Every structure is written in structure tokens, then in C-alpha cells.
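These protein sequences, in sequence, are chains L and R. Residues in the first sequence are numbered from 1 upward in steps of one, following the numbering used here. Residues in the second sequence are numbered from 191 upward in steps of one, following the numbering used here.
Everything labelled a hint here was simulated from the structure, so no lab data went into it. Predicted model only: the values in this text are computed from it and were never measured. Incorrect hints may appear among the rest.
[What the hints assert, rightly or not] As a list, the in silico DSBU-like pairs of lysine-lysine whose alpha-carbon atoms are at most 30 Å apart:
1. L:K54 <-> R:K237
2. L:K184 <-> L:K61
3. R:K237 <-> L:K159
4. L:K54 <-> L:K184
5. R:K237 <-> L:K184
[To be verified] Reference excerpt, derived from the structure (chain R facing chain L, CB under 8 Å, subset only):
6. S196
7. L206
8. G208
Glycine is no exception: its CB is placed at the ideal position from the N, C-alpha and C atoms.
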Amino acid sequence: MDDENDLLARARSGDTVAFDRLISLHRQRVFAIAYQILRNEDDAMDIAQETFTKAWQSLGKFDGRHPLGTWLHRIATNAAIDVVRRRQARPQCGLEGGELAVDAASRTTPSAPPPPGVGMDLRELRARLDRALASLSAEHRAVIVLREVDELSYEEIAKCLHTSVGTVMSRLYYARRHLQARLKETHEEF
Amino acid sequence: MKNFESQYNRWIDGSLSGPECEAFEAQLGDAERRAAADWTVVRAAMKEAAGEIRVAHPDFLNSRVLELIARAGRAEPRPARTFRLAWGGAACLALAVVLTAIFLPRGTPGPFSTTVVSAWAPGTSAGAFAAPGGRGAVIWIDAAAYIPAEESVR
């Protein structure tokens, strides 16, 4: 198994085989963050492609102070948010009130039937959570995903999204309260 | 309010100290406290859902990225190309300096150089230098309206 640093050094010198290995190591995580923000498989795939293409072009700028995965994460997150912003500026099919519609037929949607062994309560919670996340704006979704799923610090999220820690805190507060409210609403419906 | 948001986030994150936590919780109602307590479950569900996201065609992603890289004519990273261009430029410059040093006459004319033209009118200056061995000469004339036909270069 090649060491990631070795692969990185080889990729920097133009070795596409090494870069191919790096893609394999990080594609899942990059795709997942893009999917969680865009909530559409095809869009997430486009973002993953864009992320790795940009990364290849900018390998010389990667200073290595943070893990490669974090750097790729940042590129993917910004690219996904850019897509949402562009679409919000020019509404088109698939947008509902400025929000991306959830692709119900997606093969990768987290709301797919959970594996055997997952309790009914958790399955219900996952479905409600999925709907609640879909009702957030991309910016709020990005913040809460980066914080709760990827466990980035406030400073890391701010850097990733090119914004201030105060904005991150504010968005996170709103997103958490919004999710809590939506989950409470759906809970009361049952 | 901003302070409340900040404290709320830190409370949910579990990073408030004991006394801070007690003071903050005193501001909340029962429902809010319960919702926050359930957040651990929500967080776990989010992580689990994220962990189940899979690229449908992972190998296609790799091949597509490599195809895009090749198509863009970037078979090597931009920095590597930049370095190569910089080294190429430096090498060309060094070659130019060496060639100049070899072929460009330096300093005053050599011992074999002689003045071959003299002034023939006031205000006119002329000069010329012959290369050593008589292989060639440079002649220049300043401020002359014309050169008399009977004058010859001596």
C-alpha cells in the first residue's frame, strides 16, 4: 500500500497513476460531502470530478499543513455551494423556493432503507432528518454537515467556507434549531 | 442574542464548563432542554446516513477525472509546468549572456584599430574603427549634409 505522502509527491511530479490512487482514497468522502449539500447524485458526481480536476491543477499550492482530505473537502464544499448559488441566481427546474429538490430516485440517498438490524425508530428518524436537512439552505446544510458529520472546528469551517467564525456560529445555531423544530413537528404528527 | 447563539452551540457541543452549563440551562425551557438532549441521537443518525452514501460508479469517476485532465492538456500539474518554463527561460538567458560575452567587442578598440576617416567640415565629426586584422570597419558621420564627391575616405 502506497503511503499517501508518497502518492502526493509522485502526483506533483506529474504521475497520473499516483493521482488515480489518491482519487480512489478520497472519492467517497468528496462525493459524500457534495451529495449532502446538493442532495442530487448527478450533481455530486460533477462536483467530485471538478474537485479532483481542480486539485490536480493546484497540487503545487497544497502546502501540506492540513491533511489532503481536508483540502479536498474544502474544494468540494465550495464547489457545491457555488453550484447552489448559481442556480439560486438563475432558477431552473428542480428548484423549489430556492432549495434544491430531493432526488427521490437517487441510488445514494441516505434515506434509502437502512440495513437489517436498524431499528424502526432510527429508520423513521433518518427519514425525518432527511426531509429536515432538505429544507435547509445549502449554506446552512454545509455548516451543519461539516460540524456534525465531519467534526470540523468552527475555525476550520469558517476557513473552508471563506467566512467568519461568527457567521459559522450563527448558521449552525439556526440550522440546529431548525432541525430540532422540524423533527419535533414530524414527531408530533405521528 | 449573538452571545446566546454562541453559548447554545457550545452547550450542544458539550464544551461549556459545569457552572456555565448550569447557568445556561437555567435560561432554557424543558422542551428546549429535551430537544438538545436528543441531539446526540440526531447527530448519530446524521453520521450513519452520511456513512452510507456511496459513489454509484467509483471507477467511472476516476477514469472521467483522468480523461478531463488529459483533455485539458495538463498531463502534469500546473506548478510542474511553471517550473519547467522557468528553468527553460533561465537556460535561454544564460546562453544569451554567454554568447554576448563571446562575440560582443568589449572596452576600447584594440591595438590594431585605427581611425580611417577625418572631419572635412566644421561641426562635422566622423569616426571609424577597423576591426583587428582588417576584417571590417564601422564608419559614422555626424552633422554632415552631404559628402563631397571629391572626398574619399582615407
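Checklist entry - So which of the earlier hints does this model not fit? => result 2, 4, 7 and 8
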